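As you go down the protein sequences, you meet chains A and B in turn.
Positions 1 to 573 (the working numbering) are the ones given, in order, by the first sequence.
Positions 1001 to 1449 (the working numbering) are the ones given, in order, by the second sequence.
Please note that a few of the clues may not be correct.
[Stated by the list, open to error] A partial selection of chain B residues facing chain A, derived with a Cβ cut-off under 10 Å: (1) 1117; (2) 1313; (3) 1316; (4) 1341; (5) 1349; (6) 1374; (7) 1405; (8) 1411; (9) 1412; (10) 1415; (11) 1423; (12) 1439; (13) 1447; (14) 1449.
[To be verified] Pairwise CB distance ranges, derived in the manner of DEER restraints: (15) 1054/B <-> 95/A: 42 to 50 Å; (16) 1309/B <-> 444/A: 45 to 53 Å; (17) 61/A <-> 1282/B: 28 to 36 Å.
[To be verified] A few chain A positions that, by computed beta-carbon distances, are all more than 10 Å from chain B: (18) 39; (19) 89; (20) 134; (21) 179; (22) 272; (23) 278; (24) 289; (25) 294; (26) 365; (27) 396; (28) 447; (29) 478; (30) 493; (31) 521.
Everything labelled a hint here was simulated from the structure, so no lab data went into it.
No experiment lies behind these values; they were computed from the predicted model shown.
C-beta atoms are modelled at their ideal positions from N, C-alpha and C, and glycine is treated no differently.
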Amino acid sequence: MNRPLHSPRSWPPAFWATAVLCSAALLGQEETSAARYTEPGRTLARPIDLVLAGKGDGSAERTLVVVLDPSPGLAAAGFADAFDAALAARAHSLRATSLALVVAGRETPVAVEPTRDHAAVGAAIRRELASPQAGFVNVYAALVDAAAVAVRGEGQAVLMLVSLENGDLEDQVDRTVYELQRREVVVEVLTSEATLADSYWARRPNQQRPRDTELTGGDAALIDLPWGFLLQREPANELTPSGYAPWGLTRIAAGTGGRVFLHAASHQTGHECLPFGTCLFCSGDHTSPEDRWNSALVAQLAPLAEARDDVLRTRGSDPVFRAMVKTWTEAAKKGLLGQAPPIKIGGTTASPDRPRQGRRLGLFSTASFARNAQQALKAARDAAALRDRLASQIEEHGADGSARSVAAARYLVVMLQLTRLNLMIYAAWCRDEAPKWFDDPDREVGAPEIPPFDVERRPSGVSYHNLALCHGVRPFFDVELPGGDEVQGELRVLDGLFSSYLLRYGKSPFGYALRKNGIVRFHPTYPGISKGPARRRPKSELDEQGPVTPRRPTRRGSSSAPASGPTTGGGGR
Amino acid sequence: MKRVWQPWVIAIALATSIHAQSSDERTDTAGLIERLGAENARDRNHAYRQLQRERPADLPQVLEARLEALPHHGRQLASNLLRNLSIEQRRHLDQRLIESDHPYVRAIGAAGRIRLCQQTGDQVEHARAIEAMASAVRACDVRVELGAILQELGAAPDALVVDALVGRLSPDLSSSLVGQILQRLQPSQEDQAIESAVRALSTSEDRRVRAIALAFLVRAHRDAVEPLIELIEKHTDTLQPAMTQLQGAARLDPRLLEALLRRFPTLRSPQELTQLTRLLAPGSASRVARQLAALVDDDDSRMADGAATQLSRLARSLSDETARELLASPAPLARVLAADCLRRRDDRSGLPAVLDAASTAGSHRAETARVLGEFRSREAVPVLLGLMDDANVKVRSHAWTAVQKTLQSLYPFRRFDFSTVDYDPNALDRSAAMATLRRYWKSLERQRR
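This is chain A alone, in the form it adopts within the complex (with noise of 0.2 Å):
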């Protein structure tokens, strides 16, 4: 009986039995890191150039299918001409090559059997680039229809995934590798690059998506770094490159022996100091030395590319994970993080843990000054303890923690202490700005300034927006902040944090990432001047709609700079 095949009741029991058996190899098994399968460059005519050339001289006999989302972002990238051109400047390679063409969300799927006609091939990407399909589309099942195509032809069985946009709609990848692996499948990979932990979809845990499909997308196996901070208005884990593909294709290529090619838009380079926020010291022509990546150092903090649950496994050992997801636990707990990790600790493993919410302290749904400075300070109290146990640990257990590990915890070390900065700003304006104004609203100031809000209207709650922390922690000793001296000590420990993280982690995502938070600012908020609703007049409606195929919403990309990837001063072309 044909079952679908994401059931579980359709595993082979020889599936069981190759997944224990492997499960037992891989325990003893050093770290399978993605940085061993990435490819340096971000172009699209490099990776189409070395996969059509193969690793031979050309001679031997192999079935090359192109596995094709045509993403409208992929028909912007100038795809066509891309392997049009490849095709010509590699006839040679490809003299005992058949290639073929599936596109992943057709209802039939196979456009071009193997065939040595190439240009027919390159003429039918051409024309699928035509009429580009925007959202959700899956290609791993995508990859499971071309290698039943690729066994049919001659020779060395390739499948080349070209996939920008969806690469984080998983559907049983671990499942899908093993399918490639038993037909003897390589699979190369050129998509777009992962966002470093990307809690996007975490955040959006309804989106509407295909059947028996998941949303991650992060460049990891799981979500490993701590996002959702009080006072910060976007997690920068969802503004940061990861270097790395999403963690589904990367295993993909891994577990067949292919390789993982990068792609990014020339628009996504650019530097922008918050996208969500205001920046104190530049007018936008911030060219941060940071941002050009350590290759090395990016390498060594690249995510695993191993299955999914044994990257559990590995990590669910590492003492600094352990404590960093204990202190994560217990800062959400605190309400200083507004979600929980998706990880749970046991003895000596990790397992996932179902989406749960951090604490809401509820600082900002009233106006009640005083009340709303007392809870900031204990929270502010709690920030420290969590962040000093923290830290100890670390000092502990960092030699036998993974790179990676150590980077993400020593991160959670900072944000601590810029939530607690924020919390203590929060408490000193609540406590002397705001009440200075609205006690004395007749209060004179000498122009140009202004009273820096409506004093006249009765405020119902405090808003905030970040001021970037691009530029470092400096500049902001000669910006004033309420607080005074008390704030200003705790800056200059921030200070020191900060400096001494950038010094380790500076060129790579970690270090991006913690440049993409702010130190905040308040202001009130007031109750909304509204209208009685319009009265709704309901009708009947007769057109039936066949289901709708969920829409990817759209979102803000970046790339680690340079469009030619993490380089010391080479580059990919």
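Please arrange chain B on chain A, whose structure you already have, making use of the hints.
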């Protein structure tokens, strides 16, 4: 009886009127096209603009009939008009033009057919059009028509057309024509025919032609560096044509690079300065910046302004080392731009140099005020307040913007309405506004202590 023939009269009158009107229109288009060939430039430009504006429906037919009879300058204007026609209109017209005995007319038709075939993918017609273009190049009057045909060609002509162009090269052609031809040839070490033809040019009486030929050979990695250096060092008028030919060269020979860098102090116009900067900056931004820094205080204000503009553009791509070196430049503007370059990279070590530059007189003060604003520094505020009273309105305006930026950055928890100060950089009397601002700044400093 009257009622019987009156409608006939009206109908006949109407028909006559329509016929007359049509005749006038035909005559009108034909007349305008005739005027394209007028001796008087004003007359032909007027006719051209009118045809362009009105786009009469019978333009393609009339042009086809009269194109060959027009003098050369008229045909050039007609060719521009043809470019505005739709693909359908041109399809039939070009088919006839391409068979003309007149080389330039044939080239116009061939160019249109080539563009069309690139869209439709018709290889057979494309090959015919290329052949027609090549024959037009071979047959044309090189001094009168070749330049116009080159405009029809586009940047990268087919090999057949290239061969035809190479066949027309000769040492007694004008430098302008030689330059245009060579810009359309791809320098290659494999093509012996092109090399021979270009080497023949290097014996031309016209030294500008020799410079262009030698520069082409340099781009083709032939050994022509020393003769080119000797030529441009001896004759300054050969520099500009050589530079035009060298544009796009992937990498310049180090000897040639040195020789070109030495040319900076001898440049005669801002256009040459811009061209030389564009040629050398991609490979040697820092060295070019040093040369420009030496020119920003030039006695010739056009050269000084040109150098300042180019240096501002280049400042973004200076290495840290060069930027720090320029902080010690004798030219204040160079120091200011270098400091700004470092500031963008979170290095504020150039601030003292900018503060110092603000205290010296010169055309750099406006840029200095702007850069001080970008530093968002407390130290800069008193200096900026002084610059707000400068004699130059541009300095005052930049300083005012800078003060606003700085205050908003240093005091993010305060709110400002700068219109309440009533400061206008254009006002003759600014004393009250200045006093208000100084008083305010003093109060802020007191609060800080």
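Verification of the supplied hints:
1. 1117: violated, 18 Å
2. 1313: violated, 13 Å
3. 1316: It holds, given that the least Cβ distance between residue 1316/B and chain A is near 8 Å, below 10 Å.
4. 1341: Interface hint status for residue 1341/B: holds (9 Å vs cutoff 10 Å).
5. 1349: violated, 13 Å
6. 1374: Constraint on residue 1374/B satisfied, holds at 6 Å.
7. 1405: holds, 8 Å
8. 1411: holds, 5 Å
9. 1412: holds, 5 Å
10. 1415: With a minimum Cβ separation of about 4 Å from chain A (threshold 10 Å), the hint on residue 1415/B holds.
11. 1423: holds, 9 Å
12. 1439: Result: holds, 7 Å to nearest chain A Cβ.
13. 1447: Holds: closest Cβ of chain A sits about 8 Å from residue 1447/B, inside 10 Å.
14. 1449: This interface hint is violated because 12 Å lies over the 10 Å limit.
15. 1054/B <-> 95/A: 42 to 50 Å: violated, 59 Å
16. 1309/B <-> 444/A: 45 to 53 Å: 47 Å Cβ-Cβ, so the 45 to 53 Å window holds.
17. 61/A <-> 1282/B: 28 to 36 Å: violated, 45 Å
18. 39: Non-interface label stands for residue 39/A: nearest chain B Cβ at 25 Å, farther than 10 Å.
19. 89: Consistent with the label, residue 89/A stays out of reach of chain B, its closest Cβ about 17 Å off (over 10 Å).
20. 134: Given a closest Cβ separation of 28 Å, the condition holds.
21. 179: Nearest chain B Cβ is 41 Å from residue 179/A, so the label holds.
22. 272: holds, 14 Å
23. 278: Residue 278/A is in fact no farther than 10 Å from some Cβ atom of chain B, at 8 Å.
24. 289: Given a closest Cβ separation of 5 Å, the condition is violated.
25. 294: Given that every Cβ of chain B is farther than 10 Å from that of residue 294/A, nearest at about 16 Å, it holds.
26. 365: holds, 21 Å
27. 396: holds, 34 Å
28. 447: violated, 4 Å
29. 478: Per Cβ check, residue 478/A is inside 10 Å of chain B; nearest 5 Å; violated.
30. 493: holds, 21 Å
31. 521: At about 5 Å from chain B, residue 521/A fails to clear the 10 Å cut-off, so the statement is violated.
Checked against the numbered hints given earlier, the structure breaks hints 1, 2, 5, 14, 15, 17, 23, 24, 28, 29, 31 and satisfies all the rest.
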